[in-house]
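Need the complex rebuilt from these two chains, each delivered in its own frame; the hints are there to steer you.
Residue numbers (the numbering used here), protein chains in the order written: chain A, 1 to 404; chain B, 1 to 129.
If you're looking for bench data, these hints aren't it; they were derived computationally from the structure.
Any given hint could turn out to be false.
What the hints assert, rightly or not - With the Cβ distance kept under 10 angstroms, some of the chain B side facing chain A (calculated, not the full set):
hint, residue
1, Y3
2, V7
3, V17
4, P35
5, G38
6, V40
7, G63
8, C64
Said to hold, decoys possible - Quick list of in silico lysine-lysine cross-link-like pairs, BS3-like style, CA-CA up to 30 angstroms:
hint, chain 1, residue 1, chain 2, residue 2
9, A, K372, B, K6
10, A, K21, A, K65
11, B, K90, B, K46
12, A, K2, A, K277
13, B, K125, A, K398
14, B, K90, B, K128
15, B, K116, A, K398
16, A, K391, B, K123
17, B, K46, A, K378
18, A, K379, B, K116
19, A, K166, A, K340
20, A, K378, A, K340
21, B, K6, A, K379
22, B, K90, A, K379
23, A, K2, B, K6
24, A, K398, B, K123
25, A, K54, A, K259
26, A, K275, A, K391
Claimed, not checked - Stretch by stretch, here's where chain B covers chain A in the computed footprint (C-beta under 8 angstroms, at least three residues):
hint, stretch
27, 346-354
28, 376-389
We treat Cβ as the ideally placed atom computed from N, Cα and C, and that holds for glycine.
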Amino acid sequence: MKLPIYMDNHATTPIDPRVFKVMTPYFTEVFGNAASRNHSFGWEAEEAVEKARKQIADLIGATAKEIVFTSGATESNNLALKGVADMYAEKGNHIITQATEHKAILDTCKRLEHEGIRVTYLPVEQNGLINLQQLKEAITDKTILVSIMYAQNEIGVVQPMAEIGKIAKERGVLVHSDGTQAVGKIPVNVITDNIDLMSMSAHKMYGPKGVGALYVRRRNPRVQLTAQMDGGGHERGMRSGTLNVPGIVGFGAACTLAKAEMAEEAKRLEYLRDKMKDRLLAALDEVYINGTMEHRLPNNLNISFAYVEGESLLMGINDIAVSSGSACTSATLEPSYVLKALGAGDDLAHSSIRFGLGRFNTEEEVDYVTAKVIEVVKKLRELSPLYEMFKEGIDLSKVQWTAH
Amino acid sequence: MAYSEKVIDHYANPRNVGSMDKTDPTVGTGMVGAPECGDVMKLQVKVNPATGIIEDAKFKTFGCGSAIASSSLATEWLRGKTVDEALAIKNTDIVNELSLPPVKIHCSVLAEDAIKAAISDYKQKAAKA
Chain A
1 MKLPIYMDNH ATTPIDPRVF KVMTPYFTEV FGNAASRNHS FGWEAEEAVE KARKQIADLI
61 GATAKEIVFT SGATESNNLA LKGVADMYAE KGNHIITQAT EHKAILDTCK RLEHEGIRVT
121 YLPVEQNGLI NLQQLKEAIT DKTILVSIMY AQNEIGVVQP MAEIGKIAKE RGVLVHSDGT
181 QAVGKIPVNV ITDNIDLMSM SAHKMYGPKG VGALYVRRRN PRVQLTAQMD GGGHERGMRS
241 GTLNVPGIVG FGAACTLAKA EMAEEAKRLE YLRDKMKDRL LAALDEVYIN GTMEHRLPNN
301 LNISFAYVEG ESLLMGINDI AVSSGSACTS ATLEPSYVLK ALGAGDDLAH SSIRFGLGRF
361 NTEEEVDYVT AKVIEVVKKL RELSPLYEMF KEGIDLSKVQ WTAH
Chain B
1 MAYSEKVIDH YANPRNVGSM DKTDPTVGTG MVGAPECGDV MKLQVKVNPA TGIIEDAKFK
61 TFGCGSAIAS SSLATEWLRG KTVDEALAIK NTDIVNELSL PPVKIHCSVL AEDAIKAAIS
121 DYKQKAAKA
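Looking at chain B on its own, in the form it has when it is part of the complex (with noise of 0.2 angstroms):
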């Protein structure tokens, strides 16, 4: 199967790679996927609680190169976000983005469900303090 450009480009070089503090009150991390199924990936954003402001993102992805593009363009995306903006990002938008086949669709619906989880991660860190 013939990779697009950009997945190609975000596999060669990863962008955010990194992990951050998960007990960080600023932190969210989500966590999707099974290693049974071929593809894990953590996300985190680093929210500054005063303008709701996502000032940093990082992931790391086990999974097919697709799954490793799909994440490193999702916290390039998260970056400057507001936490309701970062909500609305779409996998479909992710797919555009990339091109990705058909068989790959599921590579951008973990993704969304990465980041969605990340941010509910941190809303409930949020709610607590």
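Chain A with its partners taken away, still in its complex shape (with noise of 0.2 angstroms):
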């Protein structure tokens, strides 16, 4: 077993090498512009990105004309909400999301709020879902688009995408999905979930970083989008810029993959977790699970350790490489919204560990991992004055704190 272990899949994952192998001759020997209409290097590129566009919609359920690739999930993001503000922005000016999507979401909806876009922030339960009576009685006769997440970068709960379609569809309103963290980990179709625009990343699918894709329906309906990006027309105009023809090769591979082994590697993961998430729940007490088990990736596990700070925690398991809730480790010193939404308190988002298992983490790995886990807890729980106060039976939400 090789140190360190990476298992921050969330946030992104390696190129797997049976994928960087069919890249590679897209860099040096087929370099041509797939814009090229006039020689044989722009018909080469035009040919590969062309399969690469229907490996993509064959995962997802989709038609290779549905395809618009762009630099990643953000920009595909980006490019629904705004793209579809400005397109329908005769028929209404509403938009609903959710408060735990990611901040390519949230912070595209604030700039559309300024732009005179109304926003609805649906609240999750405790569970990280939406309730879908409320989503029912927030759109209005100005809604034009529904924006919920696949399944949430931090917690990996998984949204009732296809309920949430059917809905938005009987009001005649137009369904986005971030699917970032969903596509390729689990099965996703857009027919049956009932999506009309989808944001996708190749990085998150053992595929390589700077290249996603935006799902545009062409059919019942017919989705149309004002393009944020001006230039060559690329794209059927939705997306100008010259393709990534390399990365985009490297997606659709990635996707033909993820297809062919999903269910083995879901299964596989998935034990895996639940052997991590049993261990350290049997070894420790004072334990929470962020999220419901029960609608999640496979290969998610979000846990607070209470009375334990999370950056402390990294910092004992340093040999180990996750992902932290705490303010400490954000960039804003402000501790995860997404805990926050789940209305767990802001004491446990301080307290939480993502673990994102992948392709190449081992059972080993993850053994040695629970173990460290659980030794680093403890030691740090000895360090703990609330550890002491709880043990000693004290209501610490009673306690009168000196904030600061």
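What follows is the structure, encoded as structure tokens:
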């Protein structure tokens, strides 16, 4: 077993060597511009791009023409929201999303609010899922888009997209889903899930960084977008810019692998994840799982070790790469807004660790990580005045703290 | 973020971890911070009433590595100092000793607050006695 161990696969994944191999010739040999229409260099590049487009479409039940290549999911999210807001401005000015979306959605919505769009941020329940009744009630005659992410990047909970899509469709409202964490990990089908637009990213599914796509439905209904990038009119006018051919080739290959291996991989990761969870819960008291285990990505575990601060825990397990919802680990010095949205309380957000298992994690690694986490949590609890107070039976919520 | 060697050393081998009897009139207890802010420090001093010298200091901290190191270092410095000397410890001394980056300065401030709170608690007890 090699250290350090990478277990942060919601942040990014390594490129699968099989994907990398397929990409290689497109850097140096087949280097043409896919938009060059008058020579073989361009034709070969175009052919490779069209093959990848089909591979991606096949993974999500779409057709090749419905795939628009972008630089990644952030751009896809921007294009979907801003593009719909511009294009459907005459129909309405209201967008519905949820509190636990990725910042690429939330910050895009903030900008749209400055431009006169009204945005409803649905709260989530303690399990991390939205309340469908609240969604129904939030839709008005002015609503043009519902944007709900398929699977959450911190807590891995999977929203009932098919039902969400059905509710929106009944009212003639378009549905966008940020599928970044879900696509390639669990079965996603834009037809049965009633999705009109979906953002995807290659590097979350063992493909390269710097390439993503937006699925844009062409039938029932035909979705139109106002381009956000002006230029040569690539991607049927929806996204100008020379295509990242090697990246796109890698994205396509990653999708084909995911489609072939998803069922088996999900089973393996779920077994490892559950083994880890069960051992942590058996060895430690005051451990809380964030978000429902029932509707969840097979590779995600987000867990709070009460009375232990997340960054200090990361420091103790410094040969393991994971993430924390602790304020100390974020650029903003705020604890995770996602965990706060679950009503977990700031103290549990500070104590949370996100484990993101991936294709290349072994059972040996999972066992090592589990044992190490148990050891460090026990050590830090010896140091924790809060754990001492808890053991003395003091109700910490009734203590007068000197907030600073 | 890279931690300084001294922070790592205090984190790996924290000095003077523990608790003393809060009800002992020669023990002063300071508890600062809040769980929702991500750090709570408990710092205790045991003072010899005859000499005014801090004979023992203990801490427990919930917080990041820099918070743990700041309070661990504080207990080291407190031992053997008089109460007045202890009050002269400044957070900037801790910042310098541990080479704390700007985002971690609040950890040193918290440690200074904990020292002051512990000594103030001792003084209140001593005045009542």
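Check your understanding: Which of the numbered hints above does this structure break?
Key -> none
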